[in-house]
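On the provided structure of chain E, position chain P as indicated by the hints.
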Amino acid sequence: MPNITLTIAKQTYKSTFGNKATLVLTILLGLSLGLATYVGWQNFKTQNNQRLYYKNMVRAQWLAKPDKHPHRMAHYGYLAFREKHELSFFDFGIESFAGVSIFLEAHKQNTVNFSEAGFSNGMLRFGEISIAMVLQLLVPLLIFFLGYNSISAERESGTLKILLCQNVSWKKLLWGKTLGIIGVVLTIFIPLILLTILLWASLSNWQISLDATLRLVILILSYSIYFFIVSALTILVSAFQRSSKTALITLLSCWIFFVILMPRIIQAIGTKIHPTPSKIEFADAISSDIQKQGDSHDPNDPHFAAIKDSLLQKYQVDDVKKLPFNYGGYIMAEGERITSGIYSDHQRQLNNTFDKQNSFTVFAGLFNPYLSLKQISMALTASDFKTYVDFQNQAEAYRYGLAQKMNKLQIDKISNHAPGEHEKPLSISKSNWAEQPDFNYKFDHLSHVLTHELLSLVALFVWFIAILFFLQYSSKWLKTI
Amino acid sequence: MKKSTSILEFKLFFRNRSAWIGILVLLLTGVAGLYFGKTFIANQQSVIEKAAVLQKKNTLENIRHFNKDIGLIFFHNKFSTANLPDRWAAFANGQRDVNPYLISVTMLGIEGQLYDTDITNPVSMLLGNMDLSFVYLFLFPLVIIAFTYNLISEQQESGIWSLLKSQTNALTKVIWRKFLIRIAAVFAVAFLLLTAAVIYLHLPVDSTLAAVTGLIILYLAFWFAVSIFIVSLGRSSSYNASALVAIWVAICIVIPASLNLFLTKKYGVPEALQNVINQREGYHEKWDMPKEVTMKPFFEHYPQLKKYPFPADKTFSWFWYYGMQQMGDDQAIKSRLAVARKLASRQHFTNIAALFFPTIQTQLAVNELAGSDLSAHLEFQQKVRDNHEKIRLHFYPSIFQEKDIASTDIKNVGLKKFIPTKIHNWSRLLPLLTWTLIMGTFAVRNLKCSALMRNTDTR
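So the protein lines, in turn, are chains E and P. The working numbering applies: residue 1 is where the first sequence begins, and numbers increase by one. The working numbering applies: residue 1 is where the second sequence begins, and numbers increase by one.
Isolated chain E, as found in the complex:
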C-alpha cells in the first residue's frame, strides 16, 4: 500500500520540477544558498583571522614588556577577543550584535566592544543573509509556493474525487504530497549539507571533533524536522481550504505573522516586562555595595582598617611597613576579591534579567516552530546569547586571575619599603610575565547546550508529533468538495 503514497510523492516531485516558475524559484533559492554559504565561509575566515592576528599580537606585546612593577602589568592588562565557533558560518545568530573585544585590567570590568552593529548605518537591521536565514525564512516560503495548491488544485479541477474513489485514502494522499514536497526541498538541502560539511571540515583544518560533529548532526536533524513540519502544514492547509487562493493567502499570512511580526513583538514585551538597568545605575549599585563591604581605595574604610589591625597584631609589628610581605599587594588582592565578587553577583542578576527577557521568545517557540528552530540553530552553532555570556564569564575569570597573579607577585617579590619620591621604582623580572597564560575561550560542551535548549527542542518535537498526528487522522475532518 505505501506504493500509492510513493507514487503520489514521485508524481508531485516530478510535476513540481516540470513547472517552469517553481523550477526558476528553486534554482534561485539554491543559488542564494550557495552564495550565503560562500560568503558566510569567507566572513568567518576573515573575521576569525583578524581576531587571531590581534590575539597573537596582544600576547607577543605582553611577553615583550620589560622588567616592571607587577601592578603596572595588572593595569596594562590584556585584550581578549571573542573567537567564532567554526559552525558559526552556518548561522550568524547574535554575532553581529555582540561585541568582539574586551579590555581586561585590574580593579575594573569593561564592556565587550566593537560589534558589527556599532559600525552599521542601519543596513544590518534588514537582516543578514546566512545559510540559516535562507533555510529558516526563505525555504518555507518556497515550500508554500510549491505546495499551496497541491490538494486544492485537485479539488478545483475535480480530480480529487476521482483520486479518492480509486483506492487512494486521504492519509495516503496527504503523506504522498508531503513526501513529494520534501523531496523537492531535499534536492536543494542535501547538496547544501554536503557543502556545509566540506567547508566546516576545512575551517577546522580537517581535524573534526566529536562535539562539533554531533552539533552538525543535530543541526541537520532539526532543520529536516522543520522542513517536514512546514511541508506537512502546507499540504494540510491546502487540503482544508476551499480554494488554492485562500490556501495561499492563509499560508502567506501565517508566514508574515510567525516570521516577521511575532518575534519582534514577543521580544519587545519581554524587554518591557523585565527591564534592565542602565549602565550608570548598574555601576552605581555595584559601587554602593562595595562601599558597604569595604572599599580598598577608601583610606578610611572600616573593613580594611580591621584587616590592617589584625595583620599588625598577628605579626607583632606596629607599622605595616614592617610586615614581612608587601602590604599594598595584600590589600589590593583583598580589594580585588571583594569588588569582583560583588561585580559578578550583579552581572549574574543582570544576565538573569536578560534570560527572563529572552525566555518570552523561547517560550513562544511552543507556538512558533520558526522561533524554536532559530534558538536551536543559534545554540548549536554557538552564535547564541548563552555563548556570549559564557565568553564574558570566562573573560572575567581570566581578568580576575591576571589581577590576582600580579598581586601575588607583588606580595611575594616586591619590597614592603616603598622607594622615595626620587628613587627608581621597584620592579621584577620580565620572565614572570610568561607565567600568565594566554586567554583561550573554550566553547561549552554539547550536553550543556542541549540541556539549555531543552524547551526549544521539546517545542520542535511537539510540533513534529502534532503534525504526524494530523497527517494520520485529519481525514475525518476533511471535505472532498
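Treat the hints with care, as some may be off.
To spell it out: a stretch of chain P is covered by chain E in this simulated footprint if at least three of its residues, at any positions, have a beta carbon under 8 Å from a beta carbon of chain E; those stretches are [stated by the list, open to error]: (1) 127–139; (2) 238–245.
The calculated DSS-like cross-link candidates involving lysine-lysine, where the alpha carbons are at most 27 Å apart (straight line), are [unchecked claim]: (3) K108(E) x K78(P); (4) K390(P) x K78(P); (5) K342(P) x K45(E); (6) K334(P) x K65(E); (7) K314(P) x K321(E); (8) K78(P) x K417(P); (9) K291(P) x K65(E); (10) K279(E) x K292(E); (11) K68(E) x K322(E); (12) K342(P) x K108(E); (13) K57(P) x K383(P); (14) K108(E) x K390(P); (15) K291(P) x K279(E); (16) K171(E) x K10(E); (17) K383(P) x K356(E); (18) K390(P) x K279(E); (19) K386(E) x K108(E); (20) K68(P) x K78(P); (21) K296(P) x K108(E); (22) K292(E) x K342(P); (23) K50(P) x K279(E); (24) K442(E) x K356(E); (25) K296(P) x K424(E); (26) K424(E) x K314(P); (27) K383(P) x K65(E); (28) K334(P) x K292(E); (29) K314(P) x K292(E).
Simulated DEER-style distance windows between Cβ atoms [what the hints assert, rightly or not]: (30) D404(P) x K424(E): 39 to 45 Å; (31) A188(P) x K161(E): 43 to 49 Å; (32) K321(E) x D404(P): 39 to 45 Å; (33) L84(P) x R242(E): 54 to 60 Å; (34) F14(P) x R242(E): 52 to 58 Å; (35) P297(P) x P419(E): 25 to 31 Å; (36) S359(E) x P297(P): 32 to 38 Å; (37) P309(P) x A285(E): 51 to 57 Å; (38) T159(E) x E154(P): 21 to 27 Å; (39) V293(P) x I273(E): 39 to 45 Å; (40) I273(E) x E9(P): 42 to 48 Å.
Simulated from the structure, these hints should not be mistaken for lab results. Being a predicted model, the structure only gives us computed values, none of them experimental. Ideal Cβ placement from N, Cα and C applies to all residues, glycine included.
Structure of chain P alone, referenced to chain E:
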C-alpha cells in the same frame, strides 16, 4: 450616478472581511509600535535625568575620598555627555539601541573609553525594535499587497469580468475606482497613525513632520504602483500574491541583507581593534621610557602648558601621568581616522544602494530625520571628544600645579547634553519619487492598453 457607484464600491470593499483584518492589523501594530517606541525613548530620557544626579553625587564622593590628591580625583571622576533623543526618535528608534546614548569618561585617554557599550541584550537587537517606522516600512506594503493582489483577477476568476466588460465601456474607470478606494483606505490609516503619533509622541508640527509625511506618501505610493503593475499583468490571484510577496521579500529583506553582507565584507573595520591596541601601547610603553619621550610631544601638542614647571626629577608625577595618557590618544589618531574613513565609505555605499531600493532609502531617511542613525552617533562621539578635550585643558593647570581641589570648579561640571544637528536631506525624496513615477507609469499604461482590457478571456 457616478457618485453612487463609488459609494457602492466603498461598501463592497468594507463588507470584505480581509479589508477589516488588514486595517485592524495596521492599527494594532501601529499602536504597539507607538507604545514600544515611546517606552524605549522615555526610558533613555529617565536614565539621562538620573545621570545628571549621579554625576554630582559621584563627584562629591570622589572629592571626599581622595581629597588630598587632585590627580587621583580626576583619575576616578567621570564626566558624562548625553545624546538627547529627538522626539522623532520614538517614531524611529534606529540605532539608538545599539549605540550608547550616554558616555561617561574620565580625564584619561579618551580612545580607551569612548567605545564602551551600554548594557544591552543582543537578542533584542537581533529581533529588532518595534516602533512605528517598522509598521510603515514593512507592514503597510504587505497590507497594500493584500488589498490589491486580486483586484482584477478576482473578477475574472468569479466570472464577473466578462459581465462587467459587456455592461460598461469604461472598464478602466471601474478598476481605477476600486484601486482608489483601497488607496484611500490605506492612506487614511497611515494618516490616522501619523496623527496619533503627533499627539502621543508630542511631535512638533514642523519641517521634519513634512519630510516624514512626504516619505510615507511616496513610499506607500511606490508599493501601490508595484502592486497595480503586477495586477495589471492580468495573471491569476495566486500568481499575483506569490509575485508580490516575493517582491516584498526581495526588496525588504533579501536585497538589503545581501548588500549589507557585501558591505561588511568590503568595508570591514579591523582598524577599530588596531585602534585599541595603539591607544593601549601608546600610553603604557611610556612608563618604561625616559620622561622626555612623553613630555616633548606633549608640549608640542599643548605649547600653552609649557609654562607649568614639570617635576622631571620625581619618579612619578600626575603631570607625567596625564602626559602619558595623552600619548595614548595621540598615537591612536591614525587608526581612529582610518575607522572614520571606513565608516564614511560605508555611508557612501549605502547612500548609493538606497537610490535603487525605496525601502533602504526610506529607512535611512527616517532614521536620519529622527537623529537615530549612525552619523548622529558619530557626531555625538565627536562631541564627547570635544567635551573631554575642554575638561582636560580646563583642569590640567590645577592638576599640574597640584592645587587644592577646592580651588577648582569641578563641582559645577554637570552633565553635558548633546542634540544632534537636524538634517533635512530633501534629496532623499527624489529617488523615491522617481521610482514611484516609473512604476506608476508602467502600471497605468498597462492598465489602459494591456490585452487585459481588450480581451475578456485571459485565463
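Here is what the structure says about each hint:
Given as covered by chain E, the segment 127–139 of chain P passes the check, having 7 residues with a CB less than 8 Å from a CB of that chain where 3 are the minimum. Taking a C-beta to C-beta cut-off of 8 Å, the segment 238–245 of chain P contributes 4 residues in contact with chain E, enough for the three needed, and the coverage statement holds. Pair hint K108(E) plus K78(P) holds up; C-alpha atoms about 14 Å apart against a cutoff of 27 Å. For a cut-off of 27 Å, the pair hint linking K390(P) to K78(P) stands: about 14 Å separates their Cα positions.
Taking the CA atoms of K342(P) and K45(E), the gap is near 20 Å; set against the 27 Å cutoff, the hint holds. Simply put, K334(P) and K65(E) have alpha-carbon atoms about 24 Å apart, close enough for the 27 Å limit, and the pair holds. A hinted pair counts as satisfied when its Cα atoms are at most 27 Å apart, and K314(P) with K321(E) qualifies at roughly 22 Å. Annotation: proposed proximity of K78(P) to K417(P) holds, straight-line Cα distance about 15 Å (limit 27 Å).
Under the criterion of a C-alpha separation no larger than 27 Å, the hint pairing K291(P) with K65(E) is consistent with the structure, at around 18 Å. The straight-line distance between the Cα atoms of K279(E) and K292(E) is roughly 20 Å, inside the 27 Å bound, and the hint therefore holds. Restraint check for K68(E) and K322(E): satisfied, since their Cα atoms lie roughly 23 Å apart, inside the 27 Å limit. For the hint linking K342(P) to K108(E), the alpha-carbon distance of about 31 Å lies beyond 27 Å, and the restraint is violated.
Distance check on the hinted pair: K57(P) and K383(P) sit about 23 Å apart at the alpha-carbon level, within 27 Å; holds. A distance of roughly 26 Å separates the Cα atoms of K108(E) and K390(P); the hinted pair therefore holds under the 27 Å criterion. A threshold of 27 Å between alpha carbons decides the hint, and for K291(P) with K279(E) the separation of about 37 Å lies outside it, so the pair is violated. This hinted pair checks out: K171(E) and K10(E) have alpha carbons roughly 16 Å apart, not beyond 27 Å.
For the given pair, K383(P) sits about 36 Å from K356(E) by alpha-carbon distance, which is inconsistent with the 27 Å threshold. For the hint linking K390(P) to K279(E), the alpha-carbon distance of about 24 Å falls within 27 Å, and the restraint holds. In summary, the hint linking K386(E) to K108(E) is supported, as the alpha carbons are separated by about 23 Å, within the 27 Å threshold. For the hint linking K68(P) to K78(P), the alpha-carbon distance of about 18 Å falls within 27 Å, and the restraint holds.
For the given pair, K296(P) sits about 31 Å from K108(E) by alpha-carbon distance, which is inconsistent with the 27 Å threshold. Taking the CA atoms of K292(E) and K342(P), the gap is about 46 Å. The hint is violated against a cut of 27 Å. Restraint check for K50(P) and K279(E): the C-alpha separation of about 11 Å stays at or below 27 Å, so the hint holds. Distance hint between K442(E) and K356(E) is fulfilled; the C-alpha atoms sit about 25 Å from each other, no more than 27 Å.
Proposed proximity of K296(P) and K424(E) is supported: the alpha carbons are some 21 Å apart, at most 27 Å. Distance restraint check for K424(E) and K314(P): the Cα-Cα separation of roughly 10 Å lies within the 27 Å cut-off, and the hinted pair is therefore satisfied. Restraint check for K383(P) and K65(E): not satisfied, since their Cα atoms lie roughly 35 Å apart, outside the 27 Å limit. Proposed proximity of K334(P) and K292(E) is contradicted: the alpha carbons are some 44 Å apart, above 27 Å.
Annotation: proposed proximity of K314(P) to K292(E) is violated, straight-line Cα distance about 36 Å (limit 27 Å). At about 30 Å, the CB distance of D404(P) to K424(E) disagrees with the hint of 39 to 45 Å. Roughly 45 Å separates the CB atoms of A188(P) and K161(E), a value that falls within the hinted 43 to 49 Å. A hinted range of 39 to 45 Å is violated for the C-beta pair K321(E) and D404(P), which are about 28 Å apart.
The hint said 54 to 60 Å for the Cβ distance between L84(P) and R242(E), and at roughly 56 Å that hint holds. Here the CB-CB span from F14(P) to R242(E) is close to 23 Å, at odds with the stated 52 to 58 Å. Separated by about 27 Å at the C-beta atoms, P297(P) and P419(E) satisfy the suggested range of 25 to 31 Å. Separated by about 53 Å at the C-beta atoms, S359(E) and P297(P) break the suggested range of 32 to 38 Å.
The hint said 51 to 57 Å for the Cβ distance between P309(P) and A285(E), and at roughly 43 Å that hint is violated. A hinted range of 21 to 27 Å for the beta carbons of T159(E) and E154(P) is consistent with their spacing of about 24 Å. Distance hint check: the CB atoms of V293(P) and I273(E) are about 55 Å apart, inconsistent with the given range 39 to 45 Å. Separated by about 45 Å at the C-beta atoms, I273(E) and E9(P) satisfy the suggested range of 42 to 48 Å.
The structure does not agree with the numbered hints 12, 15, 17, 21, 22, 27, 28, 29, 30, 32, 34, 36, 37 and 39 stated previously, though it agrees with the rest.
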